[in-house]
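*Asks:* For reference, the chains in residue letters:
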Amino acid sequence: MAETNEIALQVKDLKKHFGGIKAVDGCSFDLPKGKISGLIGPNGSGKTTIFNLMTGVLGADSGEVVYRGENIVNLRPYQVFNKGISRTFQITRIYREMTVFENMLSASSMRVPESEAREQAEKLMEFVTLTPLRGEYGGNLSYGQQKLLEFARALMTDPEIILLDEPAAGVNRTLLQNLLAHIHHLQEEEGKTILIIEHDMNVIMNHCEKIFVMDYGVKIAEGLPDEIQNNEYVIEAYFGHK
Amino acid sequence: MLAGFLVIAYSLPFAIGIYTENVFFDRQWLADLATVVLNGVMQGGVYAMFAVGLTMIFGVMRIINVAHGEMVMLGAYLSWMSFFWLGFDPLLAMVFTLPIAFGLGWMIQKFLLNAVVGGPELTPLLMTFGLGLAMIYAVEAVFTTDFKSIPYAPDSFQLTETIVVGKSRLISFVMALVISVGVFMFLKKHRIGKAIRATSQNADVAMVCGINIYGIYMVTSGISAALAVAGGVLVSIQFGFNPETGIIYTLQAFAIIVLGGRGHYIGAMIGGVMLAVMESLISFMLPNGTALVEIAAYGLMIFVLLIRPRGLMGPKTD
Ligand SMILES: Nc1ncnc2c1ncn2[C@@H]1O[C@H](COP(=O)(O)OP(=O)(O)OP(=O)(O)O)[C@@H](O)[C@H]1O
Ligand SMILES: [Mg+2]
Numbered sequence: 001m002a003e004t005n006e007i008a009l010q011v012k013d014l015k016k017h018f019g020g021i022k023a024v025d026g027c028s029f030d031l032p033k034g035k036i037s038g039l040i041g042p043n044g045s046g047k048t049t050i051f052n053l054m055t056g057v058l059g060a061d062s063g064e065v066v067y068r069g070e071n072i073v074n075l076r077p078y079q080v081f082n083k084g085i086s087r088t089f090q091i092t093r094i095y096r097e098m099t100v101f102e103n104m105l106s107a108s109s110m111r112v113p114e115s116e117a118r119e120q121a122e123k124l125m126e127f128v129t130l131t132p133l134r135g136e137y138g139g140n141l142s143y144g145q146q147k148l149l150e151f152a153r154a155l156m157t158d159p160e161i162i163l164l165d166e167p168a169a170g171v172n173r174t175l176l177q178n179l180l181a182h183i184h185h186l187q188e189e190e191g192k193t194i195l196i197i198e199h200d201m202n203v204i205m206n207h208c209e210k211i212f213v214m215d216y217g218v219k220i221a222e223g224l225p226d227e228i229q230n231n232e233y234v235i236e237a238y239f240g241h242k
Numbered sequence: 001m002l003a004g005f006l007v008i009a010y011s012l013p014f015a016i017g018i019y020t021e022n023v024f025f026d027r028q029w030l031a032d033l034a035t036v037v038l039n040g041v042m043q044g045g046v047y048a049m050f051a052v053g054l055t056m057i058f059g060v061m062r063i064i065n066v067a068h069g070e071m072v073m074l075g076a077y078l079s080w081m082s083f084f085w086l087g088f089d090p091l092l093a094m095v096f097t098l099p100i101a102f103g104l105g106w107m108i109q110k111f112l113l114n115a116v117v118g119g120p121e122l123t124p125l126l127m128t129f130g131l132g133l134a135m136i137y138a139v140e141a142v143f144t145t146d147f148k149s150i151p152y153a154p155d156s157f158q159l160t161e162t163i164v165v166g167k168s169r170l171i172s173f174v175m176a177l178v179i180s181v182g183v184f185m186f187l188k189k190h191r192i193g194k195a196i197r198a199t200s201q202n203a204d205v206a207m208v209c210g211i212n213i214y215g216i217y218m219v220t221s222g223i224s225a226a227l228a229v230a231g232g233v234l235v236s237i238q239f240g241f242n243p244e245t246g247i248i249y250t251l252q253a254f255a256i257i258v259l260g261g262r263g264h265y266i267g268a269m270i271g272g273v274m275l276a277v278m279e280s281l282i283s284f285m286l287p288n289g290t291a292l293v294e295i296a297a298y299g300l301m302i303f304v305l306l307i308r309p310r311g312l313m314g315p316k317t318d
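In order, the protein sequence lines correspond to chains V and C. Mind the numbering: the first sequence is residues 1 to 242 in my numbering, read in order. Mind the numbering: the second sequence is residues 1 to 318 in my numbering, read in order.
Note that these hints are calculated values from the structure, not bench results. If you're wondering where the values come from, they're calculated on a predicted model, not measured in any experiment. There's no promise every hint is true.
[Claimed, not checked] Derived, one-sided and incomplete: chain C residues facing chain V with beta-carbon distance under 8 Å:
1. Phe143
2. Arg191
3. Ala198
4. Gln201
5. Asn202
6. Asp204
7. Val205
8. Met207
9. Val208
10. Gly210
11. Ile211
12. Asn212
[What the hints assert, rightly or not] Simulated restraints, written as ranges between beta carbons of each label pair:
13. V/Val112 with C/Asp89: 37 to 43 Å
14. V/Phe18 with C/Met107: 32 to 38 Å
15. V/Val112 with C/Gly87: 43 to 49 Å
16. V/Gln229 with C/Met107: 54 to 60 Å
For every residue, glycine included, the Cβ atom is placed at its ideal position computed from N, Cα and C.
From just these sequences and the hints, can you work out the full model?
*Replies:* Structure follows, in C-alpha cells:
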C-alpha cells in the first residue's frame, strides 16, 4: 500500500461519564487510514469505553466520531456495523448455542445473497483455521478460539475499519502469531484500517505504526512506537503514579 | 422423576373418575375416552399455536405480554365481523385478518414496547396490562359484554362407529398445525427468522453483528399478534366469546409456556397438548366440575415448576 496520510476516522472531544466516573473525558485522535494503530493505557483509562462510543454500544455525553464526513456518534450499533466499522470485544460476544458456522453467518448482511454469505463464511473460517470446528458450538470453543471466531465474524461484511479490544489476552502464542499474521494481511493486502487495544507491549510495539496513549479518559500522548517508549508521560502513567 | 410425575398427574383424572363413578371400561366408555383425548389433542394444537406467539415475545425481548389473550379475543371479534358484516368465511378472511394483526403488533411494538424493552421488567408488564384492559373496554364499547358465537360447520365427522369429531374442531386443528409449521419453517429457514432466533439467543451479540434488533422486535410482535389472532379465529368457530374471554387465553398461554419451557417453541406445542388433554380428561370424569378442571390444569403447571423450574423442555435447573 502506498504511503498516505489520509484519515479513516476522527474522534473529536468525546466525553462519557458514568456518575462520578469520568471514563472518557474529552478525548480526540485521528485514526490513520490503511494502517495498524494501537490504543494503550492503564486499566480503567477509558479504552474500551472509546470503542463503545465509536460503535454505538454506548451513547456519548458529548463529542463526535466523524467517519466519511458524517458524525456517527449515537447511531445504533447495527448502523455503525453496516457502515463498515466492526469490532471485537474484550469479553468475547459470540452466540454460545450456535455453531461456528452459524455464528459466522449471523453477521452477514441481509442485502447479500445467502449463498454469497456462506462462501464468505467458509473463506474466513479457512483464513483463521476454524474450518475443522465449523460444526462446534460457540460455547464449546476455547477462549482463544472464541476470539478467533469473533475476529473472523467481524470480517464478514468486509468492513473498512476493524477495532480489536485486547485480541491477545488469553490467546496462546501459536494462535496469537496466527492472529497477528491475519491482521497484517488485512492491512497490507486489503488496505484495512485497524485499531488495537492491547496490554501486551510486544504486540503494540512490534505491530502498530501509530500509538495513542490514554490515561484517566484523555489522550496523553501519540506517536511512533519508539517515541511512545521514551515518552515521560507514558512512563509515568504506567509505572510511577502521581 | 418427571415421567413418574406425569403418570401420577394423568392418573389423577382417572382416580377422580372412579370416585365419581364415571369409569366403566366398557366399549362405549373407551370410545368416549378416545374421543375426549382426541379432542384434547386437537384443542391443544390450537392453544399451542397462540402460546408460541407469547413465548416468542418472551424469548426475543424478555417481555411478559399479558395482553396476548386480548389479542386472541380480538381475533375472535375480527372473525365475527368478517362473518356477519362482510359475509366472509372466517378462515378465508384470515387472508386479511392476519396481516391486520401483524400490522397491529408491529405498531404496538414500534410506538409502545420498543421504548421500554431492555429496561426494568415491570414497565413493559404494566404497559401490556394496560393495553389489555384498553382492548377489553374498546371491544366492549362496540359489542357490549354479550356472548357472541359463529355458526360454523356445526356437524361432525364419524371417524369410527363410536368415535365422533366436531368438524370445526378438526378444521381448527389442521389450520393451527399448518400455521405453526409455517412459523417454524420461517424461523428455521428464512434469514429474518434466523435473525429472530439470533436475537433471542443474545440481543447484545445480535446488535453488534449488524442486526437491527428493534426491527426484529417489530417483526416478532407482528408474528406474535398474528398467531394470537389466528388462535382467536380458530376458537371463535368453536366456542362463544365475549370481551373478557381473553383473560382465560392469557392464562392458558402462560400455563403452556411454563409447561413447555420459556422461549421454547416445540415445548409450547407439547405443553399445549398436555394442558388441553388434562382439561378434557377432568371434565370428562367430572362433568360438572369446571372449577376443578382449572385447579387441576394450573396445579399441573405449578408442580412442573417445582420439578423443572424452566419447564419440561428447558434445562433441569434454573
Ligand atoms: N457501563 C459502565 N458503567 C459504569 N462504569 C463504567 C462502565 N463502563 C466502564 N466504566 C468505568 O469507566 C472506566 C473506564 O473503563 P474502560 O472499560 O473504558 O477502561 P479500559 O481502559 O478499557 O480498561 P481495561 O484495560 O481494564 O480494559 C472504569 O473506571 C470503568 O469502571
Ligand atoms: Mg477495556
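*Asks:* Take the hints in turn and mark each one as holding or not.
*Replies:* Each hint tested on the structure:
no. : hint                               : result
1   : Phe143                             : violated (42 Å)
2   : Arg191                             : holds (6 Å)
3   : Ala198                             : holds (5 Å)
4   : Gln201                             : holds (5 Å)
5   : Asn202                             : holds (6 Å)
6   : Asp204                             : holds (6 Å)
7   : Val205                             : holds (5 Å)
8   : Met207                             : holds (5 Å)
9   : Val208                             : holds (5 Å)
10  : Gly210                             : holds (4 Å)
11  : Ile211                             : holds (6 Å)
12  : Asn212                             : holds (5 Å)
13  : V/Val112 with C/Asp89: 37 to 43 Å  : holds (42 Å)
14  : V/Phe18 with C/Met107: 32 to 38 Å  : holds (35 Å)
15  : V/Val112 with C/Gly87: 43 to 49 Å  : holds (46 Å)
16  : V/Gln229 with C/Met107: 54 to 60 Å : holds (59 Å)
In this structure, the one hint that does not hold is number 1.
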